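Number of protein chains: 2
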Amino acid sequence: MPGYQRDDLTAEQIEQQKSLYDPFTDAVRELVDAAIRTEVGEDEIRTAQAEVEGIVARLRRSQLEGSYGVRFGATGRGRPWGNAVVGVRNAVAPPLVVERDDSGRAWSDFHLGAAYEGPPGLVHGGVSALILDQMLGEAAGAGGKPGMTATLTLHYRRGTPLGDLRAEAWIERSEGIKTWARGHVSDTEGVTVEAEGLFILPRWAREQLAADEATPKFFE
Amino acid sequence: MPGYQRDDLTAEQIEQQKSLYDPFTDAVRELVDAAIRTEVGEDEIRTAQAEVEGIVARLRRSQLEGSYGVRFGATGRGRPWGNAVVGVRNAVAPPLVVERDDSGRAWSDFHLGAAYEGPPGLVHGGVSALILDQMLGEAAGAGGKPGMTATLTLHYRRGTPLGDLRAEAWIERSEGIKTWARGHVSDTEGVTVEAEGLFILPRWAREQLAADEATPKFFE
Numbered sequence: 001m002p003g004y005q006r007d008d009l010t011a012e013q014i015e016q017q018k019s020l021y022d023p024f025t026d027a028v029r030e031l032v033d034a035a036i037r038t039e040v041g042e043d044e045i046r047t048a049q050a051e052v053e054g055i056v057a058r059l060r061r062s063q064l065e066g067s068y069g070v071r072f073g074a075t076g077r078g079r080p081w082g083n084a085v086v087g088v089r090n091a092v093a094p095p096l097v098v099e100r101d102d103s104g105r106a107w108s109d110f111h112l113g114a115a116y117e118g119p120p121g122l123v124h125g126g127v128s129a130l131i132l133d134q135m136l137g138e139a140a141g142a143g144g145k146p147g148m149t150a151t152l153t154l155h156y157r158r159g160t161p162l163g164d165l166r167a168e169a170w171i172e173r174s175e176g177i178k179t180w181a182r183g184h185v186s187d188t189e190g191v192t193v194e195a196e197g198l199f200i201l202p203r204w205a206r207e208q209l210a211a212d213e214a215t216p217k218f219f220e
Numbered sequence: 221m222p223g224y225q226r227d228d229l230t231a232e233q234i235e236q237q238k239s240l241y242d243p244f245t246d247a248v249r250e251l252v253d254a255a256i257r258t259e260v261g262e263d264e265i266r267t268a269q270a271e272v273e274g275i276v277a278r279l280r281r282s283q284l285e286g287s288y289g290v291r292f293g294a295t296g297r298g299r300p301w302g303n304a305v306v307g308v309r310n311a312v313a314p315p316l317v318v319e320r321d322d323s324g325r326a327w328s329d330f331h332l333g334a335a336y337e338g339p340p341g342l343v344h345g346g347v348s349a350l351i352l353d354q355m356l357g358e359a360a361g362a363g364g365k366p367g368m369t370a371t372l373t374l375h376y377r378r379g380t381p382l383g384d385l386r387a388e389a390w391i392e393r394s395e396g397i398k399t400w401a402r403g404h405v406s407d408t409e410g411v412t413v414e415a416e417g418l419f420i421l422p423r424w425a426r427e428q429l430a431a432d433e434a435t436p437k438f439f440e
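Heads up: the sequence lines are chains L and H, in that order. Under our numbering, the residues of the first sequence are numbered 1 to 220, in order. Under our numbering, the residues of the second sequence are numbered 221 to 440, in order.
Any given hint could turn out to be false.
Which chain L residues stay away from chain H? Per the calculated CB distances, all over 10 Å, these [said to hold, decoys possible]: (1) Lys18; (2) Glu30; (3) Val52; (4) Gln63; (5) Gly73; (6) Asp133; (7) Gly144; (8) Tyr156; (9) Asp164; (10) Arg173; (11) Leu201.
Covered by chain H, according to a simulated footprint, are these stretches of chain L (three or more residues, beta-carbon under 8 Å) [unchecked claim]: (12) 108-119; (13) 176-187.
Treat the hints as calculated values from the structure; they're not laboratory data. Since we're looking at a predicted model, the values are computed, not measured. All residues carry an ideal CB built from backbone N, CA and C; glycine is no exception.
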């Protein structure tokens, strides 16, 4: 599977990269939010646009040909830094910081601002789906039963307000290469969206595991 | 329902705003992409960060207190410019430009770059869910049967490659306040993800319609 790139960075090198990219990507997230909400005048918008275009031109002088992919080393889990939900270098991602345990549970407390809106003041239903797809996959991986999403079903109980939220997920059961997981998003009043999904270990990963090749433990 | 704000802008005023915000938000989208893919040195990242923070500070001098919501006028549909899928002022949104007809069909050709990645080189499964939630809701609204998502089920047939894609959706059937819609995402090789969903007209909208109050025709 191309794109899972083994780079064997040390823990120290990874921390160094994170301390560089975390605050930079946070600044870009703030810009995304400000671009939606700003009410400054036309000239100021045009000035900001020209400056942003200048920054982009400089950043693009040296860049990856395609997307970020997933880097991984000899130990630890992969670094999906371009991932649309958890990617620390991706300003589309809130990003979620996911905690997990070996029993196949994953959970995350996070904040969604103006950039995740669907109906006024509410989280876009599809954003809850995006987050739950990631969380159920994280639970499957955490329990040693990684897979890619085969089916996912969302039940919307009520609107999810923009703001501070929590997501939880867990493995329901597992049979060979198939893992069923469940989860939900909640606010302080309780559950707003529930999800269930089937995750299947892809063939290329089964072949790599059979050949005892280095394989990432999660398929973000 | 707060957040659906009637502003009665003229068609000309709307076009004027779009011609200001479209290229600005596109520049921010380019920055999101460049932030993921850049390989320039640490000093250049720090310089870019400081500049972005400066732009944000200026944009925030005058801004909406909360999220953008949906603006609408006497005629035409609402302007969900902060929407996470179609919002022209939201750099998280690709954004999709959705076409529709009265029979309850909606379709869109769009491009997903590095910011929408899940597994390496592939669209995040949850991003396909996000797009299909929007598209099925658009189909329901286009057919005069708007609603908010109650349930949504995704079937992943194979990985969706990053790049040029298409999404289509249509109303399957409708009973009173309930509408069932289906749709899919496809690449040049065919369908990659299928979806079915149930959309229900919320009580507040039923009450407004009964009272013949101005009501947006879509619930993004």
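Do the hints match the structure? See the list:
no. : hint    : verdict
1   : Lys18   : holds (12 Å)
2   : Glu30   : violated (5 Å)
3   : Val52   : violated (4 Å)
4   : Gln63   : violated (4 Å)
5   : Gly73   : holds (16 Å)
6   : Asp133  : violated (3 Å)
7   : Gly144  : holds (18 Å)
8   : Tyr156  : violated (5 Å)
9   : Asp164  : holds (14 Å)
10  : Arg173  : holds (19 Å)
11  : Leu201  : holds (12 Å)
12  : 108-119 : holds (count 7)
13  : 176-187 : violated (count 0)
Violated hints, in rising order: 2, 3, 4, 6, 8 and 13; the structure is consistent with all others.
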